[in-house]
Amino acid sequence: METTETIENKNISVQRTGAEERKLQFKDELCTACGLCEKICPVSAIEVEPTGAMATTEQESSKVDINEEKCVLCGMCACICPYNALDMEIEGESIKTMEAYPKLIKSAEINDETCIYCKACETACPRDAIVIARELPERSKLVTGEIEIDKETCIDCGICEEMCPADAITMEHKQPTSDSPTVSSDINVDKDKCVYCLVCKKACPVDAITAVCRQCSYGEYDIKPEDAEIEGSSFIDDELCVDCGWCQEICPVDAATVEKAFEGKITYDQETCQGCETCVLACPCNVLSFPQSAESGDKPEKLHIDEKYCIYCGACEKACPVNAINVERTGIKTTPIKSKSWEKAFESVKN
Amino acid sequence: MPIGLVVYPELCHGCGNCVVTCPVNSLRSPEVAGGKGPTDEVDIIMMVEDGSIELKHSEFCGKCGTCVRSCPVFAIRLEEVEEAK
Amino acid sequence: MGESVINTHGVIMPKHIISGLKFLAAVELRKKSYTQREIAEKLGMDRSTVSHYLNGRNLSWNSIEIAEVIVNLCPRDFSTLTYSLLKDREKTRTIVKICSNKKFECDVKNSCIGCGVCADTCFMNAIVLENLKAQIDSDWCCGCMMCWEICPTNSIEIKEVEDDGNNGNY
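Residue numbers (the numbering used here), protein chains in the order written: chain D, 1 to 351; chain E, 1 to 85; chain C, 1 to 170.
Please keep in mind that the hints were generated in silico from the structure rather than gathered at the bench. Small disclaimer: the values here were computed from a predicted structure and weren't measured. Errors might be hidden in some of the hints.
[As the list claims (entries may be wrong)] Computed list of lysine-lysine pairs in DSS-like fashion (alpha-carbon distance at most 25 Å, straight line):
1. C:K159 <-> D:K340
2. D:K103 <-> C:K159
3. E:K36 <-> D:K299
4. C:K102 <-> D:K39
5. C:K109 <-> D:K338
6. D:K103 <-> D:K340
7. C:K109 <-> D:K340
Excised from the complex, chain D in its bound form (with noise of 0.2 Å):
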């Protein structure tokens, strides 16, 4: 039986070979450096490096440190990291599939039925781990109609070209020569970017645009439904997403839902905070933030703190130089915990 670590890229693996092989692996860029692992292990095998330096500054080291002599395998930080920067493997299975390791419970899921594909949660999520993919309409399709130019009447002004919004209108000016003695050679509607908006058709100094509604003359205009629909895809990264609840608070079609596996409260001292932004750049939900003055002589708090999207991981806790930010975990929710032991040690992390 030996355990040996290699360090690559600041991941970090720590490998036991015996009667099985055991595998511990941890993605450095993963990582928030928010403490849970070390406040978890057993044998006191693993340090957390300062998260206030490691969020703020550039640093050549991992954010964690296993002592290898120390380390025995057990898996319970790879069970209880939010983040998903550690994993165990058994045999080369991963005992996020094991039925007997608790995992935390927690999820986050866009629900593609009900989602209008409008990105916000894309926009919103800290982690950057959705993807929205939409396909719009054809845009000539929902304009209620186009316009035509009497190339015969046109005198080549130019005028509905510089007036045109959408910029669908072009001509090709050219310097008159006498065996052709315009200055323009052509003039083009692009029908996918006309809007139909008949700004042209009321410039035109000969009217020589006509307007051709394509539905009614007068009335409700009616477009296809069909030809209106907008298709699309949402994709969230299960390794990057944190279940921070940006999404499902953002999403102004409730399509997003996200469970949370820890319960608690975030509380500041206003007195001792002293406004670094420390807190603000290591909490890695976006949870924290500075909010501006409306008006001059406004005061506002010095830190705002938006619970919705907290997962309580201490991470700002940690990083607070003055001790001025308090996280409370008051409860875990994992799948069933046989082990007495395992349910101490998660037990332990509230507080």
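Following the hints, complete the assembly by docking chains E and C onto the known chain D.
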């Protein structure tokens, strides 16, 4: 190796940014919180003396990196050190 | 070492000690009314050798004496020495199990975290993990205490109990 606060006096211009942005300093000293250098007798982490930075009480450092971000010349850094301070 | 070394000067070589151990194991199995065929199978020998051994032929009594000393060492020395001679975990397991004249009762406390270090260490493969807790098969425990020593949470309790003569299944 642990990460600790290190200063490079030979690079320092003595601007004092680190002294006043440090949240630990400003919590400890009302003078610093007011945006000035300390004139009171309070122990703070670092001070500018004779035009260059000097570490006084690095044991108070919360390793947040605010000073590092405020320094225009990389004269104060959080980096791996032999012994944690 | 071992197989290829031929002893011509009355020096006891590892191979001879192994023979001594196998002799003791064969006698032990015979006492439990195993047939010669079964004994040969268990110990990985051919039947004629088993027959010779049981009749006291082809064996130096000196190596049997040494084997007896090894068997009666403290359980850890017995198993580690046997392993260093046999260089095979499975064979060591068989010999130790048959020849061990001690019986142990094992218990794992709830503080066990299921790290599996004990299972990896156990020569006798007496430990398995179930629901993130080590389960030790007392029948197979040789009492070497290596698991007890290596356990990071001090969760293992092993005590020697009086041998009731029932050594379980080999």
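Hint check:
Of the pairs offered as hints, the one joining K159 of chain C and K340 of chain D holds, with about 23 Å between alpha carbons and a cut-off of 25 Å not exceeded. Only pairs whose Cα atoms come within 25 Å are accepted, and K103 of chain D paired with K159 of chain C is rejected, the gap being roughly 36 Å. With a C-alpha separation of about 21 Å, the suggested pairing of K36 of chain E with K299 of chain D holds against the 25 Å cut-off. Taking the CA atoms of K102 of chain C and K39 of chain D, the gap is near 42 Å; set against the 25 Å cutoff, the hint is violated.
Restraint check for K109 of chain C and K338 of chain D: satisfied, since their Cα atoms lie roughly 14 Å apart, inside the 25 Å limit. For the proposed pair K103 of chain D and K340 of chain D, the alpha carbon gap of about 15 Å is at most 25 Å, so the pair holds. Our distance criterion of 25 Å between C-alpha atoms is met by K109 of chain C and K340 of chain D, whose separation comes to about 9 Å.
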